[in-house]
Every structure is written in structure tokens, then in C-alpha cells.
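Novice: The chain contents come next:
Number of protein chains: 2
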Amino acid sequence: MFNLPQALKRLVIGRAMRSEELGETLLPKRLALPIFASDPLSSVAYATGEILLVLTVGGTAFLYLTPWVAAGVIGLMAVVVMSYRQVVHAYPSGGGSYEVVSRNLGANSGLVVAASLLVDYVMTVAVSVASGVDNIISAFGSLAEHRVALAVGFVALLTAMNLRGVRESGRAFAAPTYLFIGGILLMVVTGLVRLAFGDNPQAPTAALGVAALDGKDSLQGLGLLMLGLRAFASGCTALTGVEAISNGVPAFRAPKSRNAAATMAVMGIVAVVMFAGVTLLALTSHVHYVEDACRLTGLAGDCHSYTQQTVIAQLAATVFGGSDTILFYFIQAVTALVLILAANTAFNGFPLLASILAQHRYLPRQMHTRGDRLAFSNGIIALAVVAGGLLWFYQADVTSLIHLYILGVFTSFTLSQIGMVRHWNRALATETDAAVRASARRSRLINGLGAVTTALVLVIVLITKFTQGAWLAVVAALLLWLTMRGIRRHYDTVAAELAVEDVAAESSRPRRVHAVVLVSKLHKPTLRALGYAEAFRPDTVEAVTVDVEPEATAELRAAWEGSGLDVPLRVLASPFREITKPVVAHVRELKADRPGDAVAVFIPEYVVGRWWENLLHNQSALWLKSRLLFTPGVMVISVPWQLTSANRADRPARRAPGAVRRGEP
Amino acid sequence: MFNLPQALKRLVIGRAMRSEELGETLLPKRLALPIFASDPLSSVAYATGEILLVLTVGGTAFLYLTPWVAAGVIGLMAVVVMSYRQVVHAYPSGGGSYEVVSRNLGANSGLVVAASLLVDYVMTVAVSVASGVDNIISAFGSLAEHRVALAVGFVALLTAMNLRGVRESGRAFAAPTYLFIGGILLMVVTGLVRLAFGDNPQAPTAALGVAALDGKDSLQGLGLLMLGLRAFASGCTALTGVEAISNGVPAFRAPKSRNAAATMAVMGIVAVVMFAGVTLLALTSHVHYVEDACRLTGLAGDCHSYTQQTVIAQLAATVFGGSDTILFYFIQAVTALVLILAANTAFNGFPLLASILAQHRYLPRQMHTRGDRLAFSNGIIALAVVAGGLLWFYQADVTSLIHLYILGVFTSFTLSQIGMVRHWNRALATETDAAVRASARRSRLINGLGAVTTALVLVIVLITKFTQGAWLAVVAALLLWLTMRGIRRHYDTVAAELAVEDVAAESSRPRRVHAVVLVSKLHKPTLRALGYAEAFRPDTVEAVTVDVEPEATAELRAAWEGSGLDVPLRVLASPFREITKPVVAHVRELKADRPGDAVAVFIPEYVVGRWWENLLHNQSALWLKSRLLFTPGVMVISVPWQLTSANRADRPARRAPGAVRRGEP
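If you're matching them up, the sequences are chains A and B in order.
Quick note: the first sequence uses the working numbering, first residue 62, plus one each step.
Quick note: the second sequence uses the working numbering, first residue 62, plus one each step.
For the record, the hints were derived by calculation from the structure and aren't laboratory data.
Just to be clear, a hint being listed does not mean it is correct.
Put simply, identical chains are the same to the list, so a pair is met inside one copy or across any two.
Below, a list of computed lysine-lysine pairs in the DSSO-like style, where the Cα atoms sit at most 30 Å apart [said to hold, decoys possible]:
hint	residue 1	residue 2
1	K277	K317
2	K317	K582
3	K90	K686
4	K317	K90
5	K652	K686
All chains, please: the whole structure from these sequences, using the hints.
Specialist: Here it is as C-alpha cells:
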């Protein structure tokens, strides 16, 4: 028979996969690049814009700083990529920064990294989706009013795609990423060629003036330095996601480490070329991009209804000759697509990290269990909910979201590079082979440079971004850190409480078992419960009812006496017309009179097939059961009575194992 | 030890009461009047205003209709009160209109009445509270912006008071109701005496003009008739709640019927005198009261920021010499208080009716169970939630809410009077005693008159109010009616399915019992579950684990083999890394191989004391259990392991019965 919810689930999630299929989902480099590198590559779409936003506070006076800021970002990118290539080789198990730091700097530091990364994965989804929607709106201005709905819709779409599993994601994402790389490079090359031939096309906003913020038009000394540093901190968004490959090494085909490191190098080079090219074009074509459109002078209409095009959109329109050309729409389409899909980096990384944390008992065990599609469904859903909430709260505004973003990235960069330095120190302490020692020394030098550089950037980001929203990311990471420590402490306490030292000594069997069968009416479920209770051959059996309504009780008593049942019926008084308390009190009394024995309470339960039927049945049974379990020496036995409607809900579990795999509904 | 939640519950709800105390909570007439009559009496506060609202559509031109409309309402009130006195005598069990109609016109008609009454109880709460807040704002204009918050706050307060139980409600409500009656009568008498001495004080709004609605200033013929009928329909709000006494007869002291009928007569006379007096004063003092303040001409300030005083407030200011006199504040205070408390009529009636309906299996059984304070907690809470929602949705606007109101009242009035006519017809068919026959004939005449009159009003209300919001009440009642029929059909089907004809023939005991103990680790809860399973002496015992993580499974297998346990451990393969499906499949296979036997699945469960700990434990156990219960012949045994924290949550149930009564926390 056709089962609509199941069919829908299969349609969205795809067929279930066996554990052995895990091998088949491993990624070749050409698929791994788009999956793991879509985040750092796509940040080309907003990093230049974020630098320009900061530098235009003094009108166009400080745009001359742009090349220096961009050079700083590119240098940093090179250092970080080189550093993480060391991580990939040294720790191929995919814990990434979390593993590096936990092993080398201790569990608490590792947990700091984990908390930062979890927050940053969420921010990656939010920022990438928001920027993607921005680029769609740059092409289709009339969609501006649906910004938030579009953003949340894309998060929902990504969630569904990721619940389908790793490999399919890789295929779905490969084409757009490669088209994006190709498109941006085509745009950069076209622009540079036109420039080389003396043709310097100007951006649509080049003719607009920019009003300086009060007193910001003549910064000098420290003020100028701060401005440059703020622009640099904003430009560092280009580095977000670089560490994703180091967290995803196990998803690569063998030789895993070498393939991952090679992919990382390719990604770094491509990212640098694209970022440099876009920034250069933005300067030569005089793109003017400000935080508040009302600071633009010379606008034709009302500034409040004016939607600024993104930097990429302005460049595409400039280089390809207008915002109605096919190539303009192509660039916007692939940019938007790659940004939306960049969020996928986080959808790959977050659940993997959450699962590792759950394995280490820092998160609830549910996070550790894989869903039936090899993806870690719970983690995916948690990520989608939080990111969607942020997009809704910040109205999908890229700049607001970016303030919350890069702090965590650089926290984990810095800690993991420090951890790597300690890693090489340890290796060098025992290693004797000269060639290996030389290699380790070189690696230590790279990671040392990485540690110093990223620590410096972390300080810059903290100083320039904290009051603009980064504090929220700090608070979120701190709360996560405390929660994870709390969960671990809880699991540790419980494990200690439950540990068995000597099985023989700690095993015990109750001397006798007393069965109590709860009865409300004399009907089939009651007879079944009585039959099951007697089948166990307990030492005593009694039926118990609670006298809530005297008439009903009298009726039951009469029916019982007329029935010929040999089990005695005990009526419990209930002065407060409650069911739970008298039963619990009676059971505790039984137990107290017979230490060393066990009391088994048989509760007839209705099994129904429709959710609302549960509202009409079993409410007292559920509550009663939860109270009875508090008494040591008492067990609760649910004796189900399947109502006809139960067949409706029973189908999924009734199918043979493997049916799902064969695509049966 | 001190238990804050329990202590708070006791503070708000009061101590629990025994069933035998029910007798003590029965009401003498002097307490029954304020409880059941606060609704019809308090409607004096808005009925006159609603008539004036309608009649001012043509400026002040049609105010001359007011006495005629008021006379119609008064006549109707007399007929309805007389009719319901017959109901109280004939049906003293408190089902009121529902019982009368069910018995005489059949179950489906009875259910129509029940649905109408449930909707009207909700509306009573909403309208009374909204009007009460209106009167508070008439005295303290600055509270106007907190209208909705005040209204919802009062609903919450009433809910808490009613959860404390019947008698205390009576005491809390007696003083305000009597003060309200006294205050209004004092105001009417003072006004009439001043009038008699030739002193005719004018209302604050008497000097303001009223602009007619377009084309409404010269109505004639049918238009004039419709206006009069609309005003009459609005004035009929004065009759809401008259039936409350007939639903509450069991709460009276013996002789119940006679006391209830006497109370009803007193209520009718008081209501008529107050309504007539207020309407008379409103006419002589020229109160101008309109739906939209911007239709008042001659206002000093902006009409949008002008808050109209209620009719009662204007009269109090007029008669007692200004809206800063002590008597003005006294009238406003008692009016507001009695209106808020009028909602209490519904808090008395709704849960009682819901409980009767639950007893007849038209509503879930939970509604039938009394809370631990003799009040029907579930019904009270349902009522409060819906009424609060309406107040929020309609921004606590009295007139909007009133459109939804009286339709249901007159549906049940009409049906119950028709039912009473049939009741007397039946009585007359068998009765031979001449005196009794004469009395029955007289009663039949009264109820016949009532039926005709209320049916006429029902038609008027339908015509004049349907498009203004009454349709919503019709839809709500219809949905309720369908839901209740559905619930009854469900319970009937289930009862038929479960009925036992021959206990001996239908009793059966499984031949053998096979125990399956679910194991994840070898720890204390596992050992306890094994011990309990063996204590039952089942025919076979096996331990079962699911191979989700191969390392964990290998570890468990090694520990098991080293432990010396004589129960075999079976490892179930789980290609999809799921726990539920392999276990369910295994249990079904066991069961299928052994028809006539029973399978007992022992699941170790953690009992924890903090709600969030449940998120960290038992998730798979819960899900597994719900799936296992679908298989006939399988029972599920929860073997609890009480973690240390469980003690926290165990206190309430651990106390001896009666402790609550002694006020122990």
C-alpha cells in the first residue's frame, strides 16, 4: 500500500544506504574541491565589497589603501593555506583544528576550538546565503522585498539536499563551483585585456559621489591605521572556510592526506587569483560601495528605495557591457549559486564535528547516530534551524552578519597553529632521522609563522569588530563551551555511577516477583494483561483499580465477581479523585513490606494509528508509568492492545530489512 | 525540604480537597447569586451602550427608539427567566439546556446546544473582561494603551482563582457583586430623585453633536425597522448568562431546585430594575455614545486620541457631580470588578459542561477527571486559553467581540424551550392528577411562549449580526459539534472492539514467555534488567545488542565473555546504523516462530530528576518501545535505574496520602 509520508521522505532524502556503501561515497579531488572549497572561493564575492565598505567612511579619500589591505589578505591567505597543509598531513583523521588542539593543548582548549568552529559553521551558512540572495537581488531588483523569505528558503533547500548524503551533494555542487571559477576568471581576464588595450570601462557607481562620515574625511596617524586594520579585518572574511578541508580529510579517496593537501593548494591559488583580480578591477573601474546608500551623492531617485548592486554585479556589468547582457546574468547566476552552495561547506563540516564531539560525550548521543542516509541528520537540522533564525533576525543583511563571523575562525586558526608547533616540538624530541627532522623543522617554522600571524589578526579582529556584533559570537561560543563541558561532566558522573566492577557480586535477582495488574474496566485489554501476568508465573498476582467514580467502581466489581476470574480485585480509595498517587502509594507499600522482592506493574495500553487518538487514550497510563519508575525494585510492563487503527501506523516497521533500499514505498 | 514549584502551586491553587468535602462546597443562595448571576447582572454595564451605538448611526435622530428597544429587552428577559425557572424545577441535575434538549429532542440537538454553550462561555469571558477593562480605562485614561495586556492579565488571574475551587470563588465574588448592585441602584435612585426635584444633570457628552452615517439620517419603513431590530439584537446581550443557574443547580444547597429557582427570580428582578434605570438615566442625561469617536462633533482635541467613557462612567460622573468624585470611582471600581468576575460565571459553567460531555464520551476523558481542588482543571485551562486568544486577536474591543456573542445564547434558549414543551407534552400524556396537570399546562404555556419568543430573537440576531462576525461563532460551534461527534464515534468503536462477551472463553494465557533483554553496555542497569528478567523465570532468556559501532560492539562482546554471565548475547546487524528496526525485526521473527507464546522485551531505562537530562538519555528506548508495541504478543518491560538526580523529582509522589491536605509543601 502507498504510504504518503514515507514516499515524501524518500523523495526528499533519497533511499537509505548501508554502512558498506560508505566507501563508495569517498570523494575524488575533482569533487572534493567544489564541496570543501566553495566557501573560501565564494567569499571572493563579498570580501572586496567589505573592504570597500570600510574604506569609504571618508568618502573616496582613503580608497588608495585598498591595494595594501588586499595584499595583506593575500599574504595571510598564503600563510594559512601552507599552515593547514601541515595539519592535513599530520592529522588525517578529520578532527581538524579540534583534534590538533585537543591532542596538543588539552581538552579544554580543544573545546574552545570546537565551540568557535560550531559558531562559525552557523555563520558560514548565514553569511553565504545572505550574500547569495544579495547577488540575486542585484540582478532582479524587484525581489528586494523578499530578501528574508528567499534566504530562509535556500537554507531549507540546502538542508534537504544534505539529508540526501555526501556524494550526491558533491555532484550537485561541482558544476556551479567550476562555472563560478571560470566565470570570474573570464571576467578578470576580459577586464584586464580591455585595460591593456587602453579601454578602461567605468562602473555604474563610478559617477556617484560618496559623502564622508562626520570627521572621517581627514584621518591621520592612529585613525588611519585603525581604518586600515578595520578594512583588513573585514577583508579577512576571504579566509573563512580554509580549514574545512582539514576537517574533511576522511572523505577523500586514498592517499587521503596527499589528496587533501593538493586540493588545498589548488584552492589557495585559485582564491588568491580571483580575489586579487576582482579587487584590481574594482579599483580601476572605480566601484563605489557604501554601508548606507543615502551617503551616495548624485542618485537619481530616493536613496531609501535604491538597492546597491554587489561589487561582483557592478564589475560584470562594467566588463561585459551592461546589466542586461547574457554574461552579466551568467556571472550573477553562478555567483549566487556558488554562495548558496558555499553554505554547504558548513553542512558538511558541522554534523561531522558534532558527531565527533558526541563520540567524546560533549554533545548528546543522538548527534552521534547517523541518519539512514549516511549523513548526520540531527546535526544538519540543528545547523539549519540556528542559521535560519539568524537570517530572519538580521533580515539577511550581509554586513551585520559578517561582524559576528571571523572572530571564531581566527580563534581556531591561532590555537591550531600553536598546537601544531607543539606537535612538531614533540616529534623532534624523539625523532633521530636527519631528513625527517629537517622536514619537521620546516613544518614547525611554517606553523610558527602561521601562529604568530593569525594571533595578530585575531587581536585586530577583536579590537575592530567586538562592539559591532562580534561580542554575540563570543557569548554564543562561551555558552556552547560551558554546555559541552556540562554534558561531558553529566555523562562522566552517570558512567561512574553505573560502572560495574565485579559482575558476579553486583548481579542480583529479586527473591520473588509480585504482579499488580491495573484495571479500569473488564474488557479485552484487561484480560490480555491478566493472561500475560499469569504467564510469567509470578509469586502473587492481584488486579488493582482506583475508585475515582463510585458507580463505575461498583459496576466493575460486579462484573469481576460474575466473571469467574480467580485473580483478586483490590479497590484503592482515591479521596482526591486521582489515579496516580493511590497506585504509587500502594506499590510502594507492597515493595516496602517485601524488601528483596520485585513488584511488576502491568499496564494495559492502547496502541493507536493516528496521532490524535493518543490524546483520547493512555494519558493516565503514561503519567502513572513515569511516576512508578521512581521507585527502586518496581518495573512497569506495558501490555499493548492494538486497536484496528494501529495497522495504519505499523507499516514502516513491518517491512523486511532492505525494503527501503529497494525503493519500496 | 522546601519544594518551590509545589509551594507555588499550593499558593495559587490552594490545598487539595477530598471527595467528601464536596458537600461543604455547596452554595447557599446568598453566595450562589453572585457566582451565577454576575454575568446577566454585569451586562447592565454594556447592554445600554450597545443599544445607543446602533441607534446613533443617524446622528441623534433615532434615539427616540431607545425606550421601545429597552422595553423589548425587558419583556424578553421576563419571558426567559420564567421559562428557565421551569427548567430548573424539571431538571435539577445541572445539565441545563444540554440535558433538556438531549432528553427531549435527541442527542444531536443536545450536542448543538452543548457546542453553542461552549462557544458562549468563551465569549462571556472575552466580552466581560474587555468591558471591565473599558470601565477601568474610563476612570484612568492613561491605561488605554495597555488594554490588551490588562485583559489577558485578568483572564490569567481568574484562571488561578478558579483553580482554587468553587466555594472560595463564591466568597471572593460575593462582595463586589453586591456592591455593584448597591452602587448602580444608588446611582439610579439619586438620578431619579434629582430629576424628580426638577434638576436634570446632563452627561459630559450631551453637548457633543453626532454626525450621521451617510444616508442614515432619514431612515423610514423597513430601514427604520431594521435599525430597531439591530438595536434590539445588541440589547439582548443583557440576557447572556441567564441560563447559567440552570447549569449550576447541583452546586446549590438543598432543596436545590427551589433555591435555584428563587435565586433566578431575584436575579431577573434585579437585572430588569438596573437595566431600566440605567437606560432611563442615559436618555434623560443625553449620553451620546458612538462606535467611532471621530463621528462626535465639537470635540476639543484630536478624535483619534479621544477615549469615549462607557455609559456607566458617564452616568456616574453626571449623577454624582463629576468624574473626580469618590462615588464616581466607586461605581467604576465595582463595575469593572463585577465585569471581570462575571467572566467567572463561565469559569463555573464551562468545565462543568465539559465534564458532563466527557462523561458522555463527547470529549476526551481528561476533561472528566477532577483536578485536586474539586474544580475541573483541564476545562478551566482550555477556556482561559481560548478566551485569552480572542481578547488578544480582537484587541479587547467590546463591540467586535459582542458580534460573536449572543447567537449561541439564543440557539440554546430556543432549543431548550422547544425541548421543555415536548417534556410537558410527555408528562401530560401519562399524568392523571388534575392539580399536577394544571401545573404542567401552565408550565407548557410559559415554555411555549419562551420558545416562540427566543426563536424570533434568534432569527433577528442571525439577520442583523451574521455578517458582522456572528458567522465566526457559527463556524466555531459547527466545528465543535463535528469534533464531539467524532470523538464519541471513536470511543464507541473502541468500546465495541474491546467488549468481552464471555470472560472464560476470551481469557488466554501465552503458552511460554521468551525474555529479550536489550543491552548497550555491561553496566548496572543491564545487570538489574537481567536479574529482573531471570526472576520472572521465563522459558528462554537472551541478551540482545545492536551493532551500530563495530568497536563498541567488540568491546561489549569481550566484556560479556569475561563476565561469566550465563545469558547468551546476540548481536543484531544494523546495516543502516539504526537501533529500532533490527530489534523490531528480531522480536517479530521470534514471535512468528512461536505462535501462542509471548515475547517480553526488557528495556533498561534511566530515571532522571532534571528535565534536560531526559534529552541526554532514553531517546532510543522511548522510540523503540513505541514501535515494539505494534506487534501483538509482545510486551515491553521498563526496568528503571534511578540515577542520583532522580531523588530531586521524586518528592511529590513520595509523600503519604493526605500530606497535601495538611498543607505540607
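Novice: Have a look at K317 and K582 and pick one of within, between, both or neither, based on CA distance no larger than 30 Å.
Specialist: neither (66 Å within a copy, 33 Å between copies)
Novice: Have a look at K317 and K90 and pick one of within, between, both or neither, based on CA distance no larger than 30 Å.
Specialist: within (10 Å within a copy, 88 Å between copies)
Novice: Between K90 and K686, at a C-alpha cutoff of 30 Å, which is it: within one copy, between copies, both, or neither?
Specialist: Neither way: K90 and K686 sit 54 Å apart in one copy and 44 Å across, limit 30 Å.
Novice: Regarding K277 and K317, is the shortest C-alpha distance of 30 Å or less found within a copy, between copies, in both, or in neither?
Specialist: neither (51 Å within a copy, 86 Å between copies)
Novice: Have a look at K652 and K686 and pick one of within, between, both or neither, based on CA distance no larger than 30 Å.
Specialist: Both. Shortest intra-copy (16 Å) and inter-copy (26 Å) distances satisfy the 30 Å Cα cut-off.
The structure does not agree with the numbered hints 1, 2 and 3 stated previously, though it agrees with the rest.
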